[in-house]
Amino acid sequence: KQEVTQIPAALSVPEGENLVLNCSFTDSAIYNLQWFRQDPGKGLTSLLLIQSSQREQTSGRLNASLDKSSGRSTLYIAASQPGDSATYLCAVRDNYGQNFVFGPGTRLSVLP
Amino acid sequence: SQTIHQWPATLVQPVGSPLSLECTVEGTSNPNLYWYRQAAGRGLQLLFYSVGIGQISSEVPQNLSASRPQDRQFILSSKKLLLSDSGFYLCAWSEALIGSYEQYFGPGTRLTVT
Numbered sequence: 001k002q003e004v005t006q007i008p009a010a011l012s013v014p015e016g017e018n019l020v021l022n023c024s025f026t027d028s029a030i031y032n033l034q035w036f037r038q039d040p041g042k043g044l045t046s047l048l049l050i051q052s053s054q055r056e057q058t059s060g061r062l063n064a065s066l067d068k069s070s071g072r073s074t075l076y077i078a079a080s081q082p083g084d085s086a087t088y089l090c091a092v093r094d095n096y097g098q099n100f101v102f103g104p105g106t107r108l109s110v111l112p
Numbered sequence: 113s114q115t116i117h118q119w120p121a122t123l124v125q126p127v128g129s130p131l132s133l134e135c136t137v138e139g140t141s142n143p144n145l146y147w148y149r150q151a152a153g154r155g156l157q158l159l160f161y162s163v164g165i166g167q168i169s170s171e172v173p174q175n176l177s178a179s180r181p182q183d184r185q186f187i188l189s190s191k192k193l194l195l196s197d198s199g200f201y202l203c204a205w206s207e208a209l210i211g212s213y214e215q216y217f218g219p220g221t222r223l224t225v226t
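Chains as they are written, first to last, in my numbering: chain A, 1 to 112; chain F, 113 to 226.
Calculated from the structure, these hints are not laboratory results. Some hints could be false.
Cβ-to-Cβ under 8 Å is the rule here; a few derived chain F residues that face chain A [said to hold, decoys possible]: (1) G139; (2) G164; (3) G166.
Computed list of chain A residues with no C-beta within reach of chain F, every gap over 12 Å [to be verified]: (4) G60; (5) D84; (6) G105.
Here are the simulated DSSO-like pairs of lysine-lysine, each with C-alpha atoms no more than 30 Å apart in a straight line [unchecked claim]: (7) K42/A x K192/F; (8) K192/F x K68/A; (9) K42/A x K1/A; (10) K1/A x K68/A.
It should be emphasised that the depicted structure is a prediction, and the values quoted were computed from it without experimental measurement. The beta carbon of each residue, even a glycine, is placed where N, CA and C say it ideally should be.
Given the sequences, and given the hints that come with them, work out the whole structure.
See the structure below:
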């Protein structure tokens with residue numbers, strides 16, 4: 001059974017810092033991995049999708065990497081801003097069906 | 113462009129009452145559809161998914177059910193709500209054809225069972 005963990009659970013940084021969020025999964029037979037952001041009381045917004053054959057994806061100040069063999073993904077946020085404050089979740093889709101498994105999330109606070 | 117709608121946005125229901133939450137997707141055809149629940153302090157839990165009209169798969173045994181009466185409509189129901197059904201319910205869709213399977217989420221419904 002696939003399990004996804006995220007470290008740290010919470011993170012507080014001053015504005016302008018570069019930061020890394022971590023996501024680990026137990027079964028490397030994944031189809032893809034997706035990073036989301038969730039603002040309080042809101043739905044999830046897709047940030048980046050990495051297919052199993054890819055090593056990384058970039059969008060603006062965000063860069064996500066995938067090391068399938070070690071069961072790890074990182075989300076790198078450059079030059080953080082207060083507007084980046086949110087909970088960040090990663091999810092993996094396995095090769096066996098429609099099941100997406102989510103991590104518990106990292107709650108990020110960027111202080112002005 | 114594609115959009116996904118959920119309603120109602122918030123709902124307060126007594127224990128034992130019925131439930132009906134609706135999700136609709138615009139701008140795409142034959143999407144895969146998903147219902148998730150996010151309980152306080154817990155991660156997202158996949159409840160149901162559907163790959164076509166009338167095709168529903170359940171991931172977690174519970175007193176909830178789902179239906180897909182139309183291609184882009186997904187409904188979550190219960191005949192009798194329990195206190196443990198409280199949570200934030202999210203609908204999502206992804207492309208059905210083999211491809212990225214990127215998921216897109218709706219705004220969610222906050223359900224409080226009293």
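Verification of the hints:
1. G139: violated (15 Å)
2. G164: violated (12 Å)
3. G166: violated (16 Å)
4. G60: The claim holds: G60/A sits with its nearest Cβ about 17 Å from chain F, beyond 12 Å.
5. D84: holds (19 Å)
6. G105: About 7 Å separates G105/A from the closest Cβ of chain F, which leaves it inside 12 Å; violated.
7. K42/A x K192/F: holds (26 Å)
8. K192/F x K68/A: Not satisfied, since the Cα-Cα distance of roughly 43 Å exceeds 30 Å.
9. K42/A x K1/A: Holds - the C-alpha atoms of K1/A and K42/A are around 28 Å apart, at most 30 Å.
10. K1/A x K68/A: holds (16 Å)
The structure is inconsistent with the numbered hints 1, 2, 3, 6 and 8, although it conforms to all the rest.
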